[in-house]
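> These are the residues of each chain, in order.
Number of protein chains: 2
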Amino acid sequence: MYGEEIVIDGLQYCNWNRLYFEKLRNSGVNAVHVTIVYHEGSRETLTRFAEWNKRFEDYKDLIFHISSPEDIRKAKSLNKVGIYFGAQNCSPIDDEIGLVEVMRHLGLFIMQLTYNNQSLLATGCYELEDSGITRFGKQVIQEMNRVGMIVDMSHSSERSTLEAIDISSRPICISHANPKFAHNALRNKSDVVLKNLAKYGGLIGFSLYPFHLPNGSNCTLEDFCKMIATAADMIGVDHLGIGSDLCLNQPQSVLQWMRNGRWSKTMDYGEGSVENSNWPDPLPWFPDSTGMKNIYEGLLNCGFNKIEVGKIIGGNWLNFLEQGLNPQE
Amino acid sequence: MYGEEIVIDGLQYCNWNRLYFEKLRNSGVNAVHVTIVYHEGSRETLTRFAEWNKRFEDYKDLIFHISSPEDIRKAKSLNKVGIYFGAQNCSPIDDEIGLVEVMRHLGLFIMQLTYNNQSLLATGCYELEDSGITRFGKQVIQEMNRVGMIVDMSHSSERSTLEAIDISSRPICISHANPKFAHNALRNKSDVVLKNLAKYGGLIGFSLYPFHLPNGSNCTLEDFCKMIATAADMIGVDHLGIGSDLCLNQPQSVLQWMRNGRWSKTMDYGEGSVENSNWPDPLPWFPDSTGMKNIYEGLLNCGFNKIEVGKIIGGNWLNFLEQGLNPQE
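Chains as they are written, first to last, in this note's numbering: chain A, 16 to 344; chain B, 16 to 344.
These are computed hints drawn from the structure, not numbers from a lab.
Just to be clear, a hint being listed does not mean it is correct.
Which copy is meant is left open, because identical chains are indistinguishable; a pair holds if it fits in one copy or across any two.
[To be verified] Using 35 Å as the maximum straight-line C-alpha spacing, the simulated DSBU-like pairs for lysine-lysine come out as follows:
# : residue 1 : residue 2
1 : LYS89     : LYS69
2 : LYS321    : LYS75
3 : LYS89     : LYS75
4 : LYS75     : LYS153
5 : LYS214    : LYS321
6 : LYS69     : LYS214
7 : LYS75     : LYS195
8 : LYS321    : LYS69
Extracted from the complex, chain A is given alone in its bound form:
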């Protein structure tokens, strides 16, 4: 039954406030990977951490900071939502290898090597040329492996992703994206990426962001679950999770920040277009975290058994985090 298993959302970037956290807690989600920055450098990242510390003070009846994977079980037993941090870009480390460990000490569990564009580490999924992992990138992956920070290639391009899987001595994740076989978008992942990801113990979190889905906002729950079933047939159920990419109650300015950062003088529309520049309409069966229950039931109806659904809804993420976050000796 939904509510018995650990439920983890592998990515959100909502407009955080008490009302939202109440809804989130009541939805039965036990832990959320929240994006702390998109384009912010190390100094601004400190302010983002400070803002979260204030939220942990203000909403301590509803949320708390997860400092190790065991805290996720604690969150469930306390009926609170555990929060852990990831960066959608490598901007928090500036150009400094030593900041990987510093950011890990502050609780940065997960870091994308790129966000759509070329970074100092790797190539993003919207670049025309993919030159793979850079010299700095190779060292950063090694350092992330050492300190127990998880490599995330959600917004990276094909070759860079394959190289990251290969270079990393520990499994990596694609926290929020979908297979290209379901919807052929630049942000989605090829069969070869999915197979290599799984071969080396990685995990993909299926995204509920309409731009990543077949038929966009009209994607049905059945279509979504069928996509997961096909992926399970291809790479096995142990490598699948949810990374909703939920960005609730955010103004368009936040979408523009994600897409443009400070790198573009002209408006970049990312996965949208001039005619379709705003947030996409939400899925009726996933209006917010309450939709996790629908996914749970949809997966059962799609032929998964209860143990498998428990893995997809959170068990796999928990296991992956338990393996990925401990520092190496």
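Given chain A, work out where chain B should sit, using these hints.
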């Protein structure tokens, strides 16, 4: 016997390398409060933390990072030196209250509110006017109390120090300075400061820096121990420790950085002068941390019993840290 008790040096800023850490470990010192920054803002402080992380990697056979006071006992049992961090100025928090907790999460245990000059929080000991704790300063002290970061007023002036003792809901320290009754320097502390410090549970670490001592580099071990005995008579033995202010093997450029930071276009000589601008000559009985054993024996010869000497040589610091570093609920 020296070596049975916990030995803590309440402040050092040496030129850290393997040879130094070997000497330090062999001297029997179990833990050292090291200065991580003098004038560095938050961004540069991250680099200082990164440099220390590298040292913890490179010299893990000799030192390790103390993340709670219990680790000090662990250091002794492992025959390694435990390192914990303090800032000599409030520069690591820039002008942002939220960075107090962020820096505490990175392991900043202790922070001076000022370093000689007026800061955003309080007045330093070399200013002509002492306007006391500022509006921002009051909030920062409260925040430090909340998160378990210890207020240090070693380089602060009289009124600011008295106000900090009064405003802080938890005991504060003067990690490295001496009583004015022993040597009347701007950096040393008045009887009223010492009495108020102790009244509210605080601790003073006696400094071995010759500029803080009677007769400078000619101060004898007996004079040093007599100063401690007089202070014990005045405020009780439980409020006394050692904060050597040892700055071994540092070039003069480091002394100039301490004194001038980036605030002065003309050379400021601090406690020195144009004619006497370099590091003072070391005390023959305290050439480095091996001198802790001399202090131990000097205190016994001066009439303290073994229990009292154990407190002064480290037990009081340990007790103070145990009380001061836990966050408030």
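> Between LYS214 and LYS321, at a C-alpha cutoff of 35 Å, which is it: within one copy, between copies, both, or neither?
within (24 Å within a copy, 64 Å between copies)
> Which holds for LYS89 with LYS75 at a C-alpha limit of 35 Å: within a copy, between copies, both or neither?
both (14 Å within a copy, 32 Å between copies)
> Is the C-alpha distance from LYS89 to LYS69 at most 35 Å within one copy, between copies, in both cases, or in neither?
both (21 Å within a copy, 33 Å between copies)
> At most 35 Å between alpha carbons: which applies to LYS321 and LYS69, within, between, both or neither?
neither (38 Å within a copy, 46 Å between copies)
> Treating 35 Å as the Cα threshold, decide for LYS69 and LYS214: within, between, both or neither.
Result: close only across copies, 33 Å inter versus 40 Å intra.
> Classify it for me, LYS75 with LYS195: is the Cα-Cα distance of at most 35 Å met within a copy, between copies, both or neither?
neither (40 Å within a copy, 46 Å between copies)
> How do LYS321 and LYS75 come out at 35 Å by Cα distance, when the copy is not named: within, between, both, or neither?
Within one copy, since 32 Å is at most 35 Å while 47 Å is not.
> Checking an output row: LYS75 and LYS153, CA cutoff 35 Å. Within, between, both or neither?
between (39 Å within a copy, 24 Å between copies)
Comparing the model with each earlier hint shows violations of hints 7 and 8; every other hint is respected.
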